[in-house]
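Protein chains: 2
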Amino acid sequence: MTAEAQHRRGGTAGRRAERAAAPILQRRQIVRKIPLVELLDAEGLELVHRTSMIILEEIGVEFRDPVAIAAWKRAGADVRGQRVHLPEGLLMELLSTAPAEYVQHARNPERNVTIGGRHTVFAPTYGSPFVRDFENRRRYGTLEDLQNFVKLAYMTPNLHHSGGVICEPVDVPVPKRHLDIVYSHIRYSDKPFMGIVTHEERAADCIKLVRLLFGDGFIDAGNTVMTSVVNCNSPLVWDQTMLSAMRVYARDNQAVLVTPFIMAGAMAPAATAGSVAQLNAEVLAGIAYAQLVRPGSPMVYGNFVTTVSMLSGAPMMGTPEPAMMIYFTAQLARKYKLPLRSGGMLTGSKIADAQAAYESMQTMLPTLMAGANFVLHSAGWLEAGLAAGYGKFMLDADQIAMLQIFAEGPDLSEEGIAMEAIREVGPGGHYLGCAHTRRNFKTAFYTSTLADNNSYEQWEAEGGKDADRRASERAQQLLRRYEAPPIDAAVNEGLRDFIARRKVGLPDGVT
Amino acid sequence: MTAEAQHRRGGTAGRRAERAAAPILQRRQIVRKIPLVELLDAEGLELVHRTSMIILEEIGVEFRDPVAIAAWKRAGADVRGQRVHLPEGLLMELLSTAPAEYVQHARNPERNVTIGGRHTVFAPTYGSPFVRDFENRRRYGTLEDLQNFVKLAYMTPNLHHSGGVICEPVDVPVPKRHLDIVYSHIRYSDKPFMGIVTHEERAADCIKLVRLLFGDGFIDAGNTVMTSVVNCNSPLVWDQTMLSAMRVYARDNQAVLVTPFIMAGAMAPAATAGSVAQLNAEVLAGIAYAQLVRPGSPMVYGNFVTTVSMLSGAPMMGTPEPAMMIYFTAQLARKYKLPLRSGGMLTGSKIADAQAAYESMQTMLPTLMAGANFVLHSAGWLEAGLAAGYGKFMLDADQIAMLQIFAEGPDLSEEGIAMEAIREVGPGGHYLGCAHTRRNFKTAFYTSTLADNNSYEQWEAEGGKDADRRASERAQQLLRRYEAPPIDAAVNEGLRDFIARRKVGLPDGVT
Numbered sequence: 011m012t013a014e015a016q017h018r019r020g021g022t023a024g025r026r027a028e029r030a031a032a033p034i035l036q037r038r039q040i041v042r043k044i045p046l047v048e049l050l051d052a053e054g055l056e057l058v059h060r061t062s063m064i065i066l067e068e069i070g071v072e073f074r075d076p077v078a079i080a081a082w083k084r085a086g087a088d089v090r091g092q093r094v095h096l097p098e099g100l101l102m103e104l105l106s107t108a109p110a111e112y113v114q115h116a117r118n119p120e121r122n123v124t125i126g127g128r129h130t131v132f133a134p135t136y137g138s139p140f141v142r143d144f145e146n147r148r149r150y151g152t153l154e155d156l157q158n159f160v161k162l163a164y165m166t167p168n169l170h171h172s173g174g175v176i177c178e179p180v181d182v183p184v185p186k187r188h189l190d191i192v193y194s195h196i197r198y199s200d201k202p203f204m205g206i207v208t209h210e211e212r213a214a215d216c217i218k219l220v221r222l223l224f225g226d227g228f229i230d231a232g233n234t235v236m237t238s239v240v241n242c243n244s245p246l247v248w249d250q251t252m253l254s255a256m257r258v259y260a261r262d263n264q265a266v267l268v269t270p271f272i273m274a275g276a277m278a279p280a281a282t283a284g285s286v287a288q289l290n291a292e293v294l295a296g297i298a299y300a301q302l303v304r305p306g307s308p309m310v311y312g313n314f315v316t317t318v319s320m321l322s323g324a325p326m327m328g329t330p331e332p333a334m335m336i337y338f339t340a341q342l343a344r345k346y347k348l349p350l351r352s353g354g355m356l357t358g359s360k361i362a363d364a365q366a367a368y369e370s371m372q373t374m375l376p377t378l379m380a381g382a383n384f385v386l387h388s389a390g391w392l393e394a395g396l397a398a399g400y401g402k403f404m405l406d407a408d409q410i411a412m413l414q415i416f417a418e419g420p421d422l423s424e425e426g427i428a429m430e431a432i433r434e435v436g437p438g439g440h441y442l443g444c445a446h447t448r449r450n451f452k453t454a455f456y457t458s459t460l461a462d463n464n465s466y467e468q469w470e471a472e473g474g475k476d477a478d479r480r481a482s483e484r485a486q487q488l489l490r491r492y493e494a495p496p497i498d499a500a501v502n503e504g505l506r507d508f509i510a511r512r513k514v515g516l517p518d519g520v521t
Numbered sequence: 011m012t013a014e015a016q017h018r019r020g021g022t023a024g025r026r027a028e029r030a031a032a033p034i035l036q037r038r039q040i041v042r043k044i045p046l047v048e049l050l051d052a053e054g055l056e057l058v059h060r061t062s063m064i065i066l067e068e069i070g071v072e073f074r075d076p077v078a079i080a081a082w083k084r085a086g087a088d089v090r091g092q093r094v095h096l097p098e099g100l101l102m103e104l105l106s107t108a109p110a111e112y113v114q115h116a117r118n119p120e121r122n123v124t125i126g127g128r129h130t131v132f133a134p135t136y137g138s139p140f141v142r143d144f145e146n147r148r149r150y151g152t153l154e155d156l157q158n159f160v161k162l163a164y165m166t167p168n169l170h171h172s173g174g175v176i177c178e179p180v181d182v183p184v185p186k187r188h189l190d191i192v193y194s195h196i197r198y199s200d201k202p203f204m205g206i207v208t209h210e211e212r213a214a215d216c217i218k219l220v221r222l223l224f225g226d227g228f229i230d231a232g233n234t235v236m237t238s239v240v241n242c243n244s245p246l247v248w249d250q251t252m253l254s255a256m257r258v259y260a261r262d263n264q265a266v267l268v269t270p271f272i273m274a275g276a277m278a279p280a281a282t283a284g285s286v287a288q289l290n291a292e293v294l295a296g297i298a299y300a301q302l303v304r305p306g307s308p309m310v311y312g313n314f315v316t317t318v319s320m321l322s323g324a325p326m327m328g329t330p331e332p333a334m335m336i337y338f339t340a341q342l343a344r345k346y347k348l349p350l351r352s353g354g355m356l357t358g359s360k361i362a363d364a365q366a367a368y369e370s371m372q373t374m375l376p377t378l379m380a381g382a383n384f385v386l387h388s389a390g391w392l393e394a395g396l397a398a399g400y401g402k403f404m405l406d407a408d409q410i411a412m413l414q415i416f417a418e419g420p421d422l423s424e425e426g427i428a429m430e431a432i433r434e435v436g437p438g439g440h441y442l443g444c445a446h447t448r449r450n451f452k453t454a455f456y457t458s459t460l461a462d463n464n465s466y467e468q469w470e471a472e473g474g475k476d477a478d479r480r481a482s483e484r485a486q487q488l489l490r491r492y493e494a495p496p497i498d499a500a501v502n503e504g505l506r507d508f509i510a511r512r513k514v515g516l517p518d519g520v521t
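Taken in sequence, the protein lines are chains U and D.
Reminder that position 511 of the first sequence reads as 521 in our numbering, one-by-one numbering, no gaps.
Reminder that position 107 of the second sequence reads as 117 in our numbering, one-by-one numbering, no gaps.
Do not rely on the hints blindly, as some may be mistaken.
Given that identical chains are not distinguished, each listed pair holds provided it fits within a single copy or across any two copies.
[To be verified] Derived DSBU-like pairs (lysine-lysine); straight-line CA-CA distance at most 30 Å:
#1 Lys452 - Lys83
#2 Lys345 - Lys475
#3 Lys345 - Lys43
#4 Lys43 - Lys347
#5 Lys161 - Lys186
#6 Lys452 - Lys218
#7 Lys186 - Lys452
#8 Lys452 - Lys345
#9 Lys475 - Lys452
#10 Lys218 - Lys43
What the hints contain is simulated information worked out from the structure, not anything from laboratory work.
Please build the complete structure, drawing on both the sequences and the hints.
As structure tokens, then:
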């Protein structure tokens with residue numbers, strides 16, 4: 011029996027043959043060597059900054075949380091009710107303790123990532139209630155889907171972060187969901203992951219899980235092992251759910267992506283620079299608060315930017331104004347010496363069609379060129395975040411691999427200049443057989459295994475499949491040859507025991 | 011009867027209503043205000059330049075054309091057989107007469123474009139034998155298809171150039187085809203267009219057509235009214251067909267995109283920088299020759315770059331190495347003070363699916379960021395150039411509109427900063443109804459009419475169409491309300507008369 015036939019039968023030997031044919035190689039995280047692109051000149055950057063300072067001092071930000079309000083009063087801010095007015099001096103003093111970059115540890119130290127500086131980390135999509143499945147049908151996500159995405163991210167060499175709620179496991183009751191989500195990342199991957207922020211108690215559970223995984227000593231020493239995400243209620247409101255979760259993480263030196271989620275025109279002005287001035291004020295107020303909780307806690311300058319269609323009220327992605335906002339926020343984050351979270355493979359399309367890909371790249375290339383450090387929603391995002399797609403996940407991951415190569419910049423070595431080959435071949439010759447080509451053909455050019463560059467006739471003979479179809483099939487192939495990374499049996503037992511006991515005390519109903 | 015019902019009947023009144031509802035507005039050509047992105051530092055740029063100089067002097071370029079060889083001998087080049095060895099001094103002296111930018115005149119002076127400097131012009135795809143039609147079927151292109159694409163380009167506000175052989179009109183015999191192609195651009199559009207280069211005589215016919223259109227005096231005064239494209243036979247060969255056509259155009263001061271068509275790994279080394287060093291030598295030799303024909307003739311530093319898959323031999327587009335090559339060539343063109351032709355919406359995909367869009371944007375965004383001045387293949391390209399797609403044309407044009415807005419850079423005016431709105435709305439408010447939003451909602455954010463950002467339910471109720479399907483339907487709608495721009499009756503008669511007489515002397519068979 012051929013390996014292919016075995017594989018169709020799903021046999022162990024077939025899977026082993028598939029693995030041997032295509033081992034899982036993890037690439038080192040991106041350390042960009044290409045220059046940063048900046049759209050604002052010094053004067054423009056200063057104008058946006060100054061506008062944010064006026065917003066923070068004159069209008070202020072609401073912290074709808076008594077603990078935070080008390081902290082702001084102690085810090086000497088001008089607090090009127092829930093409205094905190096922040097003078098630039100106090101703000102900058104607080105921001106000065108936030109680190110410009112930090113290491114997020116993974117349970118496999120080879121998968122540790124640095125977040126900040128010239129480093130970029132790509133993480134999967136986050137928070138979709140729906141899944142677009144292997145048959146390109148839309149249905150609610152399940153725990154199995156979440157675990158499938160964790161496994162796919164684990165097997166993707168250019169995703170350096172496992173993410174968090176890649177899709178909502180709707181088959182698990184909400185109060186228990188966080189335990190299964192975080193355990194799935196721990197068990198089915200060895201890459202760094204995110205904690206849960208939907209409730210202070212759930213954040214505390216995540217802390218307990220990582221204490222079991224890494225040991226109390228490791229966490230108490232201030233090592234960061236989670237990067238979670240909290241959202242501002244734009245305009246200019248931080249609510250208690252987000253603040254209390256952020257507090258739990260900050261206390262143990264765990265990182266948070268402090269992220270205004272902007273639909274400009276609705277939650278921010280119908281103006282590109284003005285929207286950024288507002289979100290800048292929101293981010294800085296949030297990060298400053300985290301520094302009150304624990305000076306030095308690693309916080310990422312986050313943003314998620316869309317515009318609202320004045321025709322339909324729908325959010326729009328991949329259009330020029332969000333791209334500009336990504337560039338602006340990158341310059342601001344660098345000005346304040348903070349790591350930047352921005353961008354992603356965003357789209358409003360329901361399926362992984364041309365709209366999805368145009369919009370994704372019109373978001374993602376600016377994300378790379380602007381110099382984002384943490385990129386959530388890098389793979390799988392569809393339908394303005396309502397759905398996670400298996401095909402889209404694989405297609406996005408393929409593009410990310412290309413972005414990583416691009417970020418490595420020009421090869422100007424002797425092999426890169428190839429004068430030897432040019433001399434050897436000469437006018438009218440061809441390069442396919444020359445010594446330089448034979449030496450370099452495996453590595454010279456990125457070759458996508460999802461893109462179809464064959465002849466029309468061959469493509470048609472192979473079923474005339476579109477890219478999404480091919481990618482979806484590839485996801486299934488990959489999952490068939492998945493093998494979980496090893497985990498210490500006692501640690502695993504401890505995690506499972508904690509989760510089982512914890513679940514008993516939690517209600518089953520969706521709250 | 012409603013206007014919609016009339017329109018379904020295809021009535022004149024219906025078409026008139028459609029036109030009134032959406033008049034054709036032409037946007038001014040792009041004059042970029044965003045910074046240029048450069049991947050090579052000064053040392054890297056000098057290294058590539060020096061490598062090209064070594065290639066030109068030591069290896070040389072073959073000019074397989076006795077007229078060119080004679081000219082090179084007169085110019086004092088080191089000519090050995092067909093091999094021309096060019097010292098840097100002679101080369102730079104010749105290049106110094108080529109203009110850094112030029113105006114290409116259109117028959118409607120409002121459609122004139124500047125090519126070079128901070129200006130960018132987008133032109134449709136070029137040269138496809140096949141068409142992907144309104145039913146998403148692949149078939150040979152016809153003259154009607156070509157004219158449809160000319161009409162669509164005319165009606166597209168952000169395409170500032172009508173292009174040339176958008177698709178091959180296979181229903182017209184090859185020796186007569188050039189006449190119908192150029193006449194179609196003249197009659198069905200008033201935007202600038204390209205001449206034909208497949209034969210010296212056909213190029214001469216194009217010159218005759220534009221002399222009839224613009225008048226001998228206008229052409230003899232040195233006004234440029236065509237920008238055509240010639241290809242180098244890489245590596246390092248210029249053939250007689252291309253050189254003789256280039257000569258015809260250069261003599262009358264008509265512009266040419268002097269373009270090596272590179273499949274790196276086959277026609278250039280399996281190395282990114284090395285491929286650019288070779289193509290740079292090829293371009294410069296071609297442009298220098300045009301300056302021998304007529305000093306000061308406007309020539310564009312052209313390139314079309316792909317890599318070859320070492321697995322299948324197929325060309326690959328939208329991958330990181332061609333993107334880098336686009337950036338490199340842009341820096342080189344600026345070094346030599348020449349306008350740059352590069353990029354396009356390139357893809358190997360057979361259909362306008364996610365692959366097509368990812369690859370197109372991975373080519374087109376580098377094209378914009380690098381600062382290309384003339385972008386051929388900006389709309390409609392599929393299947394590595396073998397097919398022109400109606401849906402793809404519309405989708406690409408939509409993306410181009412976004413690139414144009416992005417290229418205009420940040421709006422940092424008082425309306426752009428929107429402090430008034432932020433003050434008015436305050437924490438927890440919303441912007442939809444505020445005065446600033448009401449003033450700006452029509453222009454604040456680009457709203458694609460091809461992207462579907464509606465709810466899943468609405469999208470499904472409307473047929474669950476993918477982007478290509480919607481775009482293809484839009485192309486049909488647009489063509490229904492097309493109206494030809496006016497043309498002087500006597501000029502039109504003169505053109506038609508010349509073409510009719512000329513066709514008599516030309517064979518019918520495909521040669």
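So, going through the hints one by one against the coordinates:
In the homo-oligomer, the alpha carbons of Lys452 and Lys83 never lie at most 30 Å apart, since the shortest distance is 62 Å inside one protomer and 43 Å across protomers. In this homomeric assembly, Lys345 and Lys475 never come within 30 Å of each other (Cα to Cα): the closest approach is 47 Å inside a single copy and 44 Å across copies. With identical chains, the CA atoms of Lys345 and Lys43 are at most 30 Å apart both within one copy (20 Å) and between copies (23 Å). Both within a single protomer and between protomers do Lys43 and Lys347 lie at most 30 Å apart by alpha-carbon distance, with minima of 19 Å and 27 Å respectively.
Taking the closest pair of Cα atoms, Lys161 and Lys186 come within 30 Å of each other only inside a single copy of the chain (21 Å); across copies the shortest separation is 60 Å, beyond that limit. In this assembly of identical chains, Lys452 and Lys218 lie within 30 Å of each other by CA distance neither inside one copy nor across copies; the values are 46 Å within and 51 Å between. Taking the closest pair of Cα atoms, Lys186 and Lys452 never come within 30 Å of each other, the shortest separation being 48 Å inside a single copy and 46 Å across copies. Within a single copy, Lys452 and Lys345 get their C-alpha atoms no closer than 41 Å, and across copies no closer than 33 Å, so neither meets the 30 Å cut-off.
In this assembly of identical chains, Lys475 and Lys452 lie within 30 Å of each other by CA distance solely inside one copy; the values are 27 Å within and 40 Å between copies. Taking the shortest Cα distances, Lys218 and Lys43 never come within 30 Å of each other, neither inside one copy (38 Å) nor across copies (52 Å).
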